[in-house]
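6 protein chains.
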Amino acid sequence: MSDTRAATVPLVDEATAIGKVAEIFADIKQTKNIDFVPHFWRVIATNPTQLEVVWTSLKRLMHPEATKTESLLDPRTREIIAIAVSATNGCNYCINSHTTAAMKLGLSREALGEVLAIAGLFNMTNSLADGYQIEPDVRPPLE
Amino acid sequence: MSDTRAATVPLVDEATAIGKVAEIFADIKQTKNIDFVPHFWRVIATNPTQLEVVWTSLKRLMHPEATKTESLLDPRTREIIAIAVSATNGCNYCINSHTTAAMKLGLSREALGEVLAIAGLFNMTNSLADGYQIEPDVRPPLE
Amino acid sequence: MSDTRAATVPLVDEATAIGKVAEIFADIKQTKNIDFVPHFWRVIATNPTQLEVVWTSLKRLMHPEATKTESLLDPRTREIIAIAVSATNGCNYCINSHTTAAMKLGLSREALGEVLAIAGLFNMTNSLADGYQIEPDVRPPLE
Amino acid sequence: MSDTRAATVPLVDEATAIGKVAEIFADIKQTKNIDFVPHFWRVIATNPTQLEVVWTSLKRLMHPEATKTESLLDPRTREIIAIAVSATNGCNYCINSHTTAAMKLGLSREALGEVLAIAGLFNMTNSLADGYQIEPDVRPPLE
Amino acid sequence: MSDTRAATVPLVDEATAIGKVAEIFADIKQTKNIDFVPHFWRVIATNPTQLEVVWTSLKRLMHPEATKTESLLDPRTREIIAIAVSATNGCNYCINSHTTAAMKLGLSREALGEVLAIAGLFNMTNSLADGYQIEPDVRPPLE
Amino acid sequence: MSDTRAATVPLVDEATAIGKVAEIFADIKQTKNIDFVPHFWRVIATNPTQLEVVWTSLKRLMHPEATKTESLLDPRTREIIAIAVSATNGCNYCINSHTTAAMKLGLSREALGEVLAIAGLFNMTNSLADGYQIEPDVRPPLE
Numbered sequence: 020m021s022d023t024r025a026a027t028v029p030l031v032d033e034a035t036a037i038g039k040v041a042e043i044f045a046d047i048k049q050t051k052n053i054d055f056v057p058h059f060w061r062v063i064a065t066n067p068t069q070l071e072v073v074w075t076s077l078k079r080l081m082h083p084e085a086t087k088t089e090s091l092l093d094p095r096t097r098e099i100i101a102i103a104v105s106a107t108n109g110c111n112y113c114i115n116s117h118t119t120a121a122m123k124l125g126l127s128r129e130a131l132g133e134v135l136a137i138a139g140l141f142n143m144t145n146s147l148a149d150g151y152q153i154e155p156d157v158r159p160p161l162e
Numbered sequence: 020m021s022d023t024r025a026a027t028v029p030l031v032d033e034a035t036a037i038g039k040v041a042e043i044f045a046d047i048k049q050t051k052n053i054d055f056v057p058h059f060w061r062v063i064a065t066n067p068t069q070l071e072v073v074w075t076s077l078k079r080l081m082h083p084e085a086t087k088t089e090s091l092l093d094p095r096t097r098e099i100i101a102i103a104v105s106a107t108n109g110c111n112y113c114i115n116s117h118t119t120a121a122m123k124l125g126l127s128r129e130a131l132g133e134v135l136a137i138a139g140l141f142n143m144t145n146s147l148a149d150g151y152q153i154e155p156d157v158r159p160p161l162e
Numbered sequence: 020m021s022d023t024r025a026a027t028v029p030l031v032d033e034a035t036a037i038g039k040v041a042e043i044f045a046d047i048k049q050t051k052n053i054d055f056v057p058h059f060w061r062v063i064a065t066n067p068t069q070l071e072v073v074w075t076s077l078k079r080l081m082h083p084e085a086t087k088t089e090s091l092l093d094p095r096t097r098e099i100i101a102i103a104v105s106a107t108n109g110c111n112y113c114i115n116s117h118t119t120a121a122m123k124l125g126l127s128r129e130a131l132g133e134v135l136a137i138a139g140l141f142n143m144t145n146s147l148a149d150g151y152q153i154e155p156d157v158r159p160p161l162e
Numbered sequence: 020m021s022d023t024r025a026a027t028v029p030l031v032d033e034a035t036a037i038g039k040v041a042e043i044f045a046d047i048k049q050t051k052n053i054d055f056v057p058h059f060w061r062v063i064a065t066n067p068t069q070l071e072v073v074w075t076s077l078k079r080l081m082h083p084e085a086t087k088t089e090s091l092l093d094p095r096t097r098e099i100i101a102i103a104v105s106a107t108n109g110c111n112y113c114i115n116s117h118t119t120a121a122m123k124l125g126l127s128r129e130a131l132g133e134v135l136a137i138a139g140l141f142n143m144t145n146s147l148a149d150g151y152q153i154e155p156d157v158r159p160p161l162e
Numbered sequence: 020m021s022d023t024r025a026a027t028v029p030l031v032d033e034a035t036a037i038g039k040v041a042e043i044f045a046d047i048k049q050t051k052n053i054d055f056v057p058h059f060w061r062v063i064a065t066n067p068t069q070l071e072v073v074w075t076s077l078k079r080l081m082h083p084e085a086t087k088t089e090s091l092l093d094p095r096t097r098e099i100i101a102i103a104v105s106a107t108n109g110c111n112y113c114i115n116s117h118t119t120a121a122m123k124l125g126l127s128r129e130a131l132g133e134v135l136a137i138a139g140l141f142n143m144t145n146s147l148a149d150g151y152q153i154e155p156d157v158r159p160p161l162e
Numbered sequence: 020m021s022d023t024r025a026a027t028v029p030l031v032d033e034a035t036a037i038g039k040v041a042e043i044f045a046d047i048k049q050t051k052n053i054d055f056v057p058h059f060w061r062v063i064a065t066n067p068t069q070l071e072v073v074w075t076s077l078k079r080l081m082h083p084e085a086t087k088t089e090s091l092l093d094p095r096t097r098e099i100i101a102i103a104v105s106a107t108n109g110c111n112y113c114i115n116s117h118t119t120a121a122m123k124l125g126l127s128r129e130a131l132g133e134v135l136a137i138a139g140l141f142n143m144t145n146s147l148a149d150g151y152q153i154e155p156d157v158r159p160p161l162e
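Protein chains in written order, with our numbering: chain A, 20 to 162; chain B, 20 to 162; chain C, 20 to 162; chain D, 20 to 162; chain E, 20 to 162; chain F, 20 to 162.
Some clues are possibly wrong.
[Stated by the list, open to error] Here are the computed lysine to any residue pairs in the SDA-like style, where the Cα-Cα straight-line distance is at most 20 angstroms:
#1 B:87 <-> E:71
#2 B:78 <-> E:75
#3 F:123 <-> E:156
#4 B:87 <-> E:75
#5 B:87 <-> D:129
#6 F:78 <-> A:33
#7 F:123 <-> E:91
#8 A:51 <-> A:33
#9 C:87 <-> A:129
#10 F:78 <-> A:75
Hints in this document: simulated from the structure, not taken from any laboratory.
My request is simple: use the sequences and hints to build the entire structure.
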């Protein structure tokens with residue numbers, strides 16, 4: 020299958036990247052403290068504007084300390100959100116990548132199981148609430 | 020909200036429809052044995068080709084008796100599939116429409132609850148299987 | 020619209036519920052420390068088995084303290100997962116319900132904004148990773 | 020790819036499972052009348068509470084005869100719902116598993132084709148109804 | 020993995036197809052100007068009615084010139100819609116197939132990157148708008 | 020329903036916005052050439068960082084002429100992608116907003132119908148390809 024995939028959009032090679040792409044590749048490795056550029060960034064580098072837009076957004080939201088952005092969530096919770104969304108969408112690459120990242124931040128296998136169980140539970144209740152066309156409960160407003 | 024919606028795509032009026040659209044409107048009422056044209060068909064009639072493509076497909080698959088098509092499922096099971104898909108996608112109009120249709124075919128409220136519970140269950144297990152990136156089981160082939 | 024919806028599946032009335040349904044309704048109010056039974060539970064009570072299955076699962080996973088279940092996540096993180104999944108699926112009722120619950124647990128409006136921004140970010144990257152058919156990075160296994 | 024996956028969450032080995040996990044593994048094999056524990060259950064067994072919650076729900080809803088639960092649907096229809104949901108979500112493992120299960124219950128290849136065609140049809144009409152923001156039809160209530 | 024998959028639904032062999040299936044296979048090759056029948060059509064040919072329904076719809080909408088259907092979009096835009104939908108749903112086969120088709124129609128790798136970036140952007144804003152339960156803006160109707 | 024919604028996250032009032040939020044509100048009106056700030060931006064302004072991240076991304080990708088970004092797609096095609104994604108996700112607010120925007124750019128009602136029909140078609144074929152677990156076709160690589 021890899022031949023077919025490679026045929027449509029090849030990875031940008033880190034060694035030969037130049038200009039803005041090379042700068043962002045270096046920033047990704049430094050910000051994430053890793054020694055390689057993940058496939059995701061090497062593929063979207065096909066369109067340098069896209070690489071810049073996505074990296075700028077992700078850096079602000081997932082690496083606030085590197086962008087002097089105030090964050091009200093801790094790094095592990097941010098990765099938990101990534102896992103919950105990726106499991107819901109069934110995105111293989113993203114689940115693989117964020118599961119690994121969350122475990123590096125100390126999420127145990129048992130805790131990962133709890134995250135996925137809760138994400139699964141709400142995928143169930145979401146389809147029930149939609150399937151029954153349930154109207155929101157009327158509640159006093161939060162002040 | 021209805022004003023805003025009506026602004027983008029108005030319903031085609033049954034009384035003034037002509038040509039192919041009028042013919043399909045009549046066929047919908049006769050095939051489904053109802054005395055009005057549901058909103059769905061009146062909206063997609065904005066583009067007559069689209070109306071024809073969608074109606075032709077739906078008539079073949081959901082009303083096989085009217086198109087001399089062989090079907091291996093009974094009408095209630097076909098509506099159950101419609102409900103399961105629509106609950107999974109959270110499509111309000113479709114849930115409303117197919118819940119009504121299934122109940123007309125004798126699906127009780129309790130049985131509808133069972134359909135939605137099972138659909139909910141698999142929305143849960145789907146996100147679990149995806150979230151854990153589980154490889155299919157190796158099994159002997161069915162003959 | 021509410022008339023049409025009410026036509027398909029009416030809410031089970033708390034005042035007249037009996038047997039297992041009445042017991043679960045009481046348990047919901049006590050476990051969640053609220054003085055009404057939310058629409059969600061009143062609708063799925065149409066099928067008492069379904070009510071029991073869903074409530075048992077949700078009680079175990081979202082109210083572990085009430086079921087002597089060990090949990091490795093705090094209550095706010097559990098609600099954050101619920102919000103991330105519900106925003107991804109676009110489930111109106113669930114977003115409304117879990118946003119309210121998370122705010123009761125101290126999630127500020129700004130922090131809710133961060134949760135939704137991060138959930139949005141990964142809905143973007145999920146579709147990019149899928150759209151480019153990116154293969155997972157090869158990495159040394161976590162021990 | 021399997022190395023990378025195995026790195027994040029390894030399968031629980033049936034031979035060495037103990038306690039509650041071993042009991043549930045045995046129950047799965049007996050209830051489903053199979054001689055191995057499918058990958059799905061071996062992975063979620065990483066978190067024994069999760070295993071118990073998911074198995075309890077699935078056993079009630081999909082194997083009512085084993086839990087003295089009343090069911091209003093036949094086993095084949097239940098598997099058809101599983102297939103329709105899994106095809107809509109694009110869950111590879113689940114499609115593989117439930118297609119196999121439905122075929123064991125006598126669903127022919129042709130009938131599977133009809134199930135998937137109808138599921139596909141409603142994935143089309145769902146996006147049309149949502150894309151046009153169609154309001155539900157006003158109808159007289161079902162008694 | 021291919022053995023397991025092949026076990027559930029085998030491809031219909033082009034060389035041995037007869038009757039309506041053989042006619043449609045020939046029409047697919049001619050209409051699409053390719054010298055093989057893609058896997059998609061060979062699988063759904065398991066149920067000839069399904070093959071006919073899906074091919075008839077796709078031919079009308081994606082090959083209007085071959086069906087004397089008026090189209091208001093150009094072929095490249097039609098493939099761009101296919102890519103945007105397939106990336107959103109994470110359908111591997113479809114992304115592969117439509118990316119290839121769009122590139123044959125002259126979509127460059129950079130432009131494909133822009134399509135996927137914009138599709139990703141709206142997957143982000145969709146979950147934000149749903150997550151915040153935002154009401155549509157009230158606007159003067161378009162005439 | 021609006022009371023309940025308003026209770027969770029109120030809109031930021033354009034008249035009283037200050038600092039970065041006021042600047043972005045002004046930029047939105049100027050870039051989009053509209054005389055009001057749409058609900059979407061007023062809600063996500065609850066978290067100013069989020070507002071900035073999302074607006075910066077959307078401005079680059081959807082208003083390249085205002086950011087000296089090279090674009091390989093025309094404005095109408097960009098809105099068509101937005102509609103296709105939003106219809107697939109069933110996002111009400113986004114469909115409403117982008118349908119209006121596309122019509123302002125000259126997309127006729129009939130052409131909108133064609134966009135939605137094609138998006139619907141691929142939601143159907145996506146679920147079929149996933150439902151049958153179809154392997155990508157092996158093809159010679161594009162040079």
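Quick rundown of the hints versus the structure:
{"no.": "1", "hint": "B:87 <-> E:71", "verdict": "holds (14 angstroms)"}
{"no.": "2", "hint": "B:78 <-> E:75", "verdict": "holds (13 angstroms)"}
{"no.": "3", "hint": "F:123 <-> E:156", "verdict": "holds (15 angstroms)"}
{"no.": "4", "hint": "B:87 <-> E:75", "verdict": "holds (17 angstroms)"}
{"no.": "5", "hint": "B:87 <-> D:129", "verdict": "holds (17 angstroms)"}
{"no.": "6", "hint": "F:78 <-> A:33", "verdict": "violated (28 angstroms)"}
{"no.": "7", "hint": "F:123 <-> E:91", "verdict": "holds (16 angstroms)"}
{"no.": "8", "hint": "A:51 <-> A:33", "verdict": "holds (16 angstroms)"}
{"no.": "9", "hint": "C:87 <-> A:129", "verdict": "holds (17 angstroms)"}
{"no.": "10", "hint": "F:78 <-> A:75", "verdict": "holds (13 angstroms)"}
Taken one by one, the earlier hints fail for this structure only at number 6.
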